[in-house]
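Residue 828 is where the sequence shown starts when you use my numbering, and the numbers rise one by one after that.
Mixed in with the good hints, there may be bad ones.
As the list claims (entries may be wrong) - DMTMM-like cross-link-like pairs, simulated, lysine to aspartate or glutamate; straight-line CA separation at most 25 Å:
(1) Lys882 - Asp928
(2) Lys981 - Glu1031
(3) Lys1047 - Glu1059
(4) Lys933 - Asp1046
(5) Lys1082 - Glu1039
(6) Lys956 - Glu1039
(7) Lys973 - Asp859
(8) Lys933 - Asp859
(9) Lys981 - Asp953
(10) Lys933 - Glu1031
(11) Lys981 - Asp859
(12) Lys1082 - Glu834
(13) Lys973 - Asp860
(14) Lys1047 - Asp953
(15) Lys933 - Asp991
(16) Lys995 - Asp1046
(17) Lys882 - Glu898
(18) Lys863 - Asp991
(19) Lys1082 - Glu1040
(20) Lys933 - Glu898
(21) Lys933 - Glu1059
(22) Lys1047 - Asp963
(23) Lys1082 - Asp991
(24) Lys995 - Asp928
(25) Lys951 - Glu1021
(26) Lys863 - Asp963
(27) Lys877 - Glu1031
(28) Lys981 - Glu1059
(29) Lys951 - Asp894
To be verified - Taking CB as the label site, the calculated pair distances span:
(30) Asp1046 - Ala829: 30 to 38 Å
(31) Ser896 - Asn873: 17 to 25 Å
(32) Gly936 - Asp978: 26 to 34 Å
(33) Ser909 - Arg993: 20 to 28 Å
(34) Thr1063 - Leu910: 38 to 46 Å
(35) Thr990 - Val924: 18 to 26 Å
(36) Thr950 - Gly925: 16 to 24 Å
(37) Ala1087 - Gln937: 30 to 38 Å
(38) Gly936 - Ser896: 35 to 43 Å
(39) Glu1059 - Ala1087: 19 to 27 Å
(40) Ala842 - Asp954: 38 to 46 Å
The set of hints was computed from the structure by calculation and includes no laboratory data.
Since the structure is predicted, the reported quantities are computational estimates derived from the model, not experimental observations.
Glycine included, each C-beta is placed from N, C-alpha and C at the ideal position.
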Amino acid sequence: MAWSYWENGGVAAWASNYPSAKGNRQSPVDIDDWIKDRGLSAQSLNFYYKSDDLKTIRNNGHSWQIDVSPESRSEMFARHLSLNAFRLLQIHAHWGVGANDGSEHKVKGQRYAGEIHLVHWNTKYDDPKQAGSHPDGIAVLGVFLKRSEWDNPKLTALVSILTDIRYKGQSRDLNGVVNPEVFLPDVRAFWTYEGSLTTPPCSECVLWTLFEEPILISDKQLEGFRSLSSGEQGLTNAPAMINNVRPTQPLGARKVRYSAGLT
């Protein structure tokens, strides 16, 4: 089923077609209050990423998306994720028009220029599809993008590639030129909570980890993101790929836990 941020009723229409979007464990949320968890403070996340596992990048009409090889063994482990092996599945981003309207999650009511999501699936299940049907099946790392006057050299290769996938459906091979670790900030301080996918079907299957420290991105690099089109080549009225952001959802009775970093 087709969905959109900009057409056919936009985000407000999602709940009509995707029942999970009306659930009580939805994402994103405003990280406004949290519990400092000393158990989290004494741990770290462990990453085993390989550049060669990032095979292709494509324009899916909603974002740029990096797809990982089915044979990938790029994985992460963390105590707050029950030390299960979560295997990298794909990477994508969300962004807006300005310096503070592009992230999906908020921190005390404030947004950043953008947000990158590294999506992983729990390998205790048979495959990503099966994992997505369980409340602990998906783990997403959320990385805020903070506007900078200077280019971030770690994003140079990614931004240069976007010119090849300007239109929906276009893709190209990566050939190892992008390493997943370029998207990671200092990972010691983070928030974690139980939530959902932020795009349809909005399945309530995600264990979120949001890093407190952002990575930097320049206006020029953000313009590379904003240059993408939500439509196929030749369409003259397709909306620009800007503000691909779901509004924050009620946190309800859920708790957000916080790790202040290693001690």
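Results of checking the hints against the structure:
1. Lys882 - Asp928: violated, 30 Å
2. Lys981 - Glu1031: Roughly 32 Å separates the two Cα atoms, so the pair is violated.
3. Lys1047 - Glu1059: Since the Cα atoms of Lys1047 and Glu1059 sit roughly 24 Å apart, the hinted pair holds (cutoff 25 Å).
4. Lys933 - Asp1046: Judged against 25 Å, a Cα distance of about 20 Å means the pair holds.
5. Lys1082 - Glu1039: holds, 17 Å
6. Lys956 - Glu1039: Status violated; Cα separation ~30 Å.
7. Lys973 - Asp859: Distance ~19 Å between Lys973 and Asp859 Cα, so the pair holds.
8. Lys933 - Asp859: holds, 8 Å
9. Lys981 - Asp953: violated, 34 Å
10. Lys933 - Glu1031: Since the Cα atoms of Lys933 and Glu1031 sit roughly 19 Å apart, the hinted pair holds (cutoff 25 Å).
11. Lys981 - Asp859: violated, 30 Å
12. Lys1082 - Glu834: This hinted pair is violated, its Cα atoms lying about 34 Å apart.
13. Lys973 - Asp860: Holds, at about 21 Å.
14. Lys1047 - Asp953: Not satisfied, since the Cα-Cα distance of roughly 41 Å exceeds 25 Å.
15. Lys933 - Asp991: Violated, at roughly 31 Å.
16. Lys995 - Asp1046: holds, 23 Å
17. Lys882 - Glu898: Within the cut-off at roughly 10 Å; holds.
18. Lys863 - Asp991: violated, 44 Å
19. Lys1082 - Glu1040: holds, 21 Å
20. Lys933 - Glu898: violated, 35 Å
21. Lys933 - Glu1059: Measuring from Cα to Cα gives roughly 31 Å; hence the hint is violated.
22. Lys1047 - Asp963: violated, 37 Å
23. Lys1082 - Asp991: violated, 42 Å
24. Lys995 - Asp928: holds, 23 Å
25. Lys951 - Glu1021: With a Cα-Cα distance of about 18 Å, the restraint between Lys951 and Glu1021 holds, given a limit of 25 Å.
26. Lys863 - Asp963: Given that 25 Å is the threshold and the Cα spacing comes to 22 Å, the pair holds.
27. Lys877 - Glu1031: violated, 28 Å
28. Lys981 - Glu1059: violated, 29 Å
29. Lys951 - Asp894: This hinted pair holds, its Cα atoms lying about 21 Å apart.
30. Asp1046 - Ala829: 30 to 38 Å: holds, 32 Å
31. Ser896 - Asn873: 17 to 25 Å: holds, 21 Å
32. Gly936 - Asp978: 26 to 34 Å: holds, 29 Å
33. Ser909 - Arg993: 20 to 28 Å: Between Ser909 and Arg993, where Cβ atoms are some 41 Å apart, the hint is violated.
34. Thr1063 - Leu910: 38 to 46 Å: violated, 52 Å
35. Thr990 - Val924: 18 to 26 Å: Since Thr990 and Val924 have Cβ atoms about 20 Å apart, the given range 18 to 26 Å holds.
36. Thr950 - Gly925: 16 to 24 Å: Since Thr950 and Gly925 have Cβ atoms about 39 Å apart, the given range 16 to 24 Å is violated.
37. Ala1087 - Gln937: 30 to 38 Å: violated, 19 Å
38. Gly936 - Ser896: 35 to 43 Å: Since the Cβ atoms of Gly936 and Ser896 sit about 39 Å apart, the hinted range of 35 to 43 Å holds.
39. Glu1059 - Ala1087: 19 to 27 Å: For Ala1087 against Glu1059, whose Cβ atoms are near 47 Å apart, the range 19 to 27 Å is violated.
40. Ala842 - Asp954: 38 to 46 Å: violated, 28 Å
Of the numbered hints listed earlier, those contradicted by the structure are 1, 2, 6, 9, 11, 12, 14, 15, 18, 20, 21, 22, 23, 27, 28, 33, 34, 36, 37, 39, 40.
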